[in-house]
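Colleague: So you can see what is in the structure, the chains are spelled out below.
2 protein chains.
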Amino acid sequence: MKLPSSFVVYDFETTGLDVQACSVTEICAVRYDRGIETARLDCLIRLPFKLPEKIIELTGITDVMLDESGIDEKDAFRMLGALQEGACLVGHNITRYDNHILSRLLRQHGHANTTNTYSLDTAALFKASLLKLPPRADEPLVEFQQRILRIMSPVKYSLSLCYKSLTGQEPNGAHRAKGDVEMIQAVLPHLMVGYEAYFNGHTLT
Amino acid sequence: MKLPSSFVVYDFETTGLDVQACSVTEICAVRYDRGIETARLDCLIRLPFKLPEKIIELTGITDVMLDESGIDEKDAFRMLGALQEGACLVGHNITRYDNHILSRLLRQHGHANTTNTYSLDTAALFKASLLKLPPRADEPLVEFQQRILRIMSPVKYSLSLCYKSLTGQEPNGAHRAKGDVEMIQAVLPHLMVGYEAYFNGHTLT
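Going down the list, the protein sequences come from chains U and H. First residue of the first sequence? That's 1 in our numbering, and the numbers climb one at a time after it. First residue of the second sequence? That's 1 in our numbering, and the numbers climb one at a time after it.
Treat the hints as calculated values from the structure; they're not laboratory data. Hints are supplied without guarantee of correctness; some may be wrong.
[What the hints assert, rightly or not] Below, computed lysine-lysine pairings styled on BS3-like, alpha-carbon distance capped at 30 Å:
hint, chain 1, residue 1, chain 2, residue 2
1, H, 54, H, 74
2, H, 178, U, 178
3, U, 74, H, 156
4, H, 132, H, 2
5, U, 50, H, 2
6, U, 2, U, 132
7, U, 2, U, 156
8, U, 2, H, 50
9, H, 2, U, 178
None of these values were measured; they are calculated from a predicted model.
Hey, can you work out the whole structure from these sequences and the hints?
Modeller: Have a look at this one:
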């Protein structure tokens with residue numbers, strides 16, 4: 001299985017669905033260089049306001065947890081900025097969600113824009129496999145993933161469903177960043193089959 | 001046991017003893033915020049020259065390992081720069097060795113100088129315990145550690161000896177960064193006894 005030379009599997013927990021307005025409550029990000037884990041960030045983020053009740057229900061992350069263990073958003077995004085530099089971003093539905101939040105908060109905290117990152121979206125790749133749609137000849141991966149995600153279809157492709165379908169295991173605590181990253185790591189090898197030609201070829205250890 | 005609110009346990013493997021000239025071949029750095037591990041860097045670094053034979057013998061790190069798995073020095077020190085920002089640095093003999101290399105390579109790779117970091121040197125604290133020398137009244141910790149390290153004395157205080165003496169365990173692979181960091185983590189609670197008043201009080205989880 002070929003994978004990008006440097007990639008970062010990541011997931012955010014947030015306070016809402018609006019990528020231009022929500023705050024991040026939790027980050028998990030794991031960087032691999034040439035098949036080896038080199039860096040990891042796994043933290044809660046302190047917020048200057050109370051969490052919406054719905055979010056507490058969904059994630060189990062509480063105000064007390066953020067107050068006691070959260071770090072400054074600025075520190076978190078400075079670390080994440082350095083960690084993702086030059087790497088391919090990997091995550092579930094990041095094309096339409098997490099990547100936009102990442103980009104906004106990196107900019108907000110003074111991290112120079114990174115132009116060399118591209119993305120592997122396990123949501124798009126899983127949806128493509130359900131729809132049995134391969135990339136067109138010479139279609140760049142980014143455009144392929146965007147095209148797949150735009151297709152109106154009743155197929156469901158949440159991370160939990162994807163994980164269960166591809167590994168045969170029960171999901172381990174969805175909606176906490178570390179658990180979601182572990183599920184993305186587990187489904188990634190299954191989803192890379194057929195896309196090897198896009199990458200410069202390093203296997204995971 | 002009280003510890004600094006944010007601290008980074010770290011260790012370098014290098015190509016030599018000259019802090020102004022040596023290169024870093026391996027970094028392990030683990031950040032804790034309020035008692036919880038939040039970030040970790042554990043990587044080899046590619047070098048544009050061959051390793052001295054003595055260094056290969058000492059560490060077991062080879063040119064092949066660095067060529068196959070090493071990352072760019074610039075990427076590594078940008079990540080480390082963000083990771084150590086605002087934290088207390090913790091390590092063995094860092095006051096006279098690793099901190100100088102860190103400072104030089106952060107500067108070299110464009111990381112703004114950090115003025116708010118201070119250090120906990122397990123070599124100094126262990127040597128002080130062997131010599132049964134406590135800090136003087138109102139002596140800042142930095143000055144105490146420097147004073148202890150300057151004392152001419154036949155006592156030996158290598159990390160391996162320190163680890164064996166304080167934990168009763170055999171050292172686990174000295175001279176690799178991750179193993180050394182694990183030993184520093186293990187001796188730290190033993191060495192903090194008596195220095196709690198210096199810190200703002202967070203226990204390790």
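Colleague: Now tell me if each hint is right for this structure.
Modeller: Results of checking the hints against the structure:
For the proposed pair residue 54 of chain H and residue 74 of chain H, the alpha carbon gap of about 25 Å is at most 30 Å, so the pair holds. Only pairs whose Cα atoms come within 30 Å are accepted, and residue 178 of chain H paired with residue 178 of chain U is accepted, the gap being roughly 22 Å. The hinted pair formed by residue 74 of chain U and residue 156 of chain H fails the criterion: a straight-line CA distance of about 42 Å is larger than 30 Å. For a cut-off of 30 Å, the pair hint linking residue 132 of chain H to residue 2 of chain H stands: about 21 Å separates their Cα positions.
For a cut-off of 30 Å, the pair hint linking residue 50 of chain U to residue 2 of chain H stands: about 29 Å separates their Cα positions. For the hint pairing residue 2 of chain U with residue 132 of chain U, the CA-to-CA distance comes to about 21 Å; that is within 30 Å, so the pair holds. A C-alpha spacing of about 27 Å is found between residue 2 of chain U and residue 156 of chain U, which places the hinted pair at or below 30 Å, so the restraint holds. A C-alpha spacing of about 29 Å is found between residue 2 of chain U and residue 50 of chain H, which places the hinted pair at or below 30 Å, so the restraint holds.
Distance check on the hinted pair: residue 2 of chain H and residue 178 of chain U sit about 28 Å apart at the alpha-carbon level, within 30 Å; holds.
The earlier numbered hint that this structure contradicts is number 3, and it is the only one.
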